[in-house]
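Here the protein sequences come in this chain order: A and B.
Under our numbering, the first residue of the first sequence carries the number 0, and numbering increases by one thereafter.
Under our numbering, the first residue of the second sequence carries the number 6, and numbering increases by one thereafter.
Derived by calculation from the structure, the hints in this document are not laboratory data.
Among the clues, some could well be false.
What the hints assert, rightly or not - Simulated restraints, written as ranges between beta carbons of each label pair:
#  : chain 1 : residue 1 : chain 2 : residue 2 : range
1  : B       : A164      : A       : S86       : 35 to 41 Å
2  : A       : N92       : B       : V135      : 51 to 57 Å
3  : A       : N92       : B       : P89       : 41 to 47 Å
4  : A       : T46       : B       : P89       : 24 to 30 Å
5  : B       : Y241      : A       : H56       : 25 to 31 Å
6  : B       : D157      : A       : Y151      : 50 to 56 Å
7  : B       : P167      : A       : G87       : 43 to 49 Å
8  : A       : E112      : B       : L125      : 44 to 50 Å
9  : A       : P66       : B       : A164      : 44 to 50 Å
10 : B       : R237      : A       : T46       : 20 to 26 Å
11 : A       : K231      : B       : V135      : 52 to 58 Å
Even glycine gets a Cβ: it sits at the ideal position worked out from N, Cα and C.
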Amino acid sequence: MIGCKKMVKNKDIAIQLKNITKQYVVHHEKPTFTEQLLSRSEKQVFTALDDVSLTIHKGESIGIIGPNGSGKTTLLKIIAGIATPTSGTVTVNGRVVSLIDLEAGFNPELTGEENIYLNGLIIGMRRKEIEKQFKKIVRFADIGTFIDAPLYTYSQGMKLRLGFSIAIHANPDILILDEGMAVGDEKFRQKSGERIQKFFKEGKTVLMVSHWKIVLTTYCSKFFSISKGKIKVASII
Amino acid sequence: MTLKEIKARYKHAILGFLWIILNPLLQMLVIGFVFQFFLPVQVDNYFLFLFSGLLPWIFFSYTLTKCTPAIVYERSLIKKAKFPREVIILSIVFSNVFHLLISLFLLVVLLALMGQISLLRILLLPVAIVWIALLASGISLLATALNARFRDVNFFVQAIVPLWFYATPIVYTLDLLPKSLHSLFYLNPMTAIIEVFRFSILQIPMTQSHLWFASAAVSMGICVLGWVVFQRESKYFDDWV
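In isolation and in its complexed conformation, chain A is listed as follows:
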């Protein structure tokens, strides 16, 4: 019975971090092997996250607030599986898609179409899924005939629109957003805003990063404040 209960509980959890600590070795020069052999100098360690534990349930919209260098990015990287914590365990259920850097998976030499496939695969979509969503992605990004042109001929706005369109069509279970995200012109911003609202309504888990509380209070049901690698307050708005 207890085991059964635990299963139900686990299904409910989107992200669980247990005692996460992330330390970086501070480099003053480029790290080299020769240096490693010759000098036995002690490594300087910077602790970006210090024994952080948090649980986010499915369907929650969470705000994360904190100044520069407080560990927000490290936390998000660990959730997204890009960085590996020095100690602690991470459990993430579902596909995480980040809207923070939309151009990461693009190659300027390839065409828009090829980039949709490349970027889609990199964020974890399967080829069939991309094929199915392809038309929708193009329509939403509104780049018209440029789809066959190499990406370096695109304007900055077009690239961002395409990136955004791929990310939201990846059908994420967990969405990571940045409040500073401004995609494209007024029309597209409205469209993307609506789309994100839809995610909230669909009961997807959303993580939102910000410097300002006000932005978060309008969207999020709960927020964590992070400072110097420690989670400080977890307050329900």
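Since the structure of chain A is provided, determine the placement of chain B on it from the hints.
Only chain B this time, still in chain A's reference frame:
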């Protein structure tokens, strides 16, 4: 599956089709012209002998030198997206295997037209291709993983590749060396690989094939080591690039 797809990224490299053939051809001409005056190599056609050794060597050295800095070069991807990191390396290996296949195909067709291909021996060619691809991936994975952590590994590789060229019987045959040194040369896995390539497409006598197994064992060792080190290090690439 992802591996094959991301290959698209390097498709512009495939467009340099002409260079795939031209590069080894030019090397063959220059080296062949110079060395036939220096080395008393006992082979029927020195240029052909050289070319069949240069093709796999060029594949190997290009792959290794291109892969070593690859993880550092692709830092924007590493830092922003979660995907199996070995894709970056394997896509380079696959695109180079593709180039190797094209040039080998042309060479084999040419030799077949001249009636110089032995149907039984050519069966060994796929073995040689798989072997060199495994070795190149293994050593590339090792070098690139270490290069993420220690940036001078790239300089080390750049220094070692030309030396390795002369430590491998490409421009010469092992017969020119004292017999006692032969077994030492087979510790270099490229020795046996090049011999298998030559044996499968040229009409040359069997060399010391019992020592091929030593080379195969060394290759396997490098391959496993590269894979293990890469898997261990790839979790922390984000910290180091």
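Hint check results:
{"no.": "1", "hint": "A164/B / S86/A: 35 to 41 Å", "in the structure": "38 Å, holds"}
{"no.": "2", "hint": "N92/A / V135/B: 51 to 57 Å", "in the structure": "39 Å, violated"}
{"no.": "3", "hint": "N92/A / P89/B: 41 to 47 Å", "in the structure": "20 Å, violated"}
{"no.": "4", "hint": "T46/A / P89/B: 24 to 30 Å", "in the structure": "28 Å, holds"}
{"no.": "5", "hint": "Y241/B / H56/A: 25 to 31 Å", "in the structure": "30 Å, holds"}
{"no.": "6", "hint": "D157/B / Y151/A: 50 to 56 Å", "in the structure": "33 Å, violated"}
{"no.": "7", "hint": "P167/B / G87/A: 43 to 49 Å", "in the structure": "46 Å, holds"}
{"no.": "8", "hint": "E112/A / L125/B: 44 to 50 Å", "in the structure": "46 Å, holds"}
{"no.": "9", "hint": "P66/A / A164/B: 44 to 50 Å", "in the structure": "46 Å, holds"}
{"no.": "10", "hint": "R237/B / T46/A: 20 to 26 Å", "in the structure": "22 Å, holds"}
{"no.": "11", "hint": "K231/A / V135/B: 52 to 58 Å", "in the structure": "56 Å, holds"}
Going through the hint list in order, the structure does not satisfy hints 2, 3 and 6.
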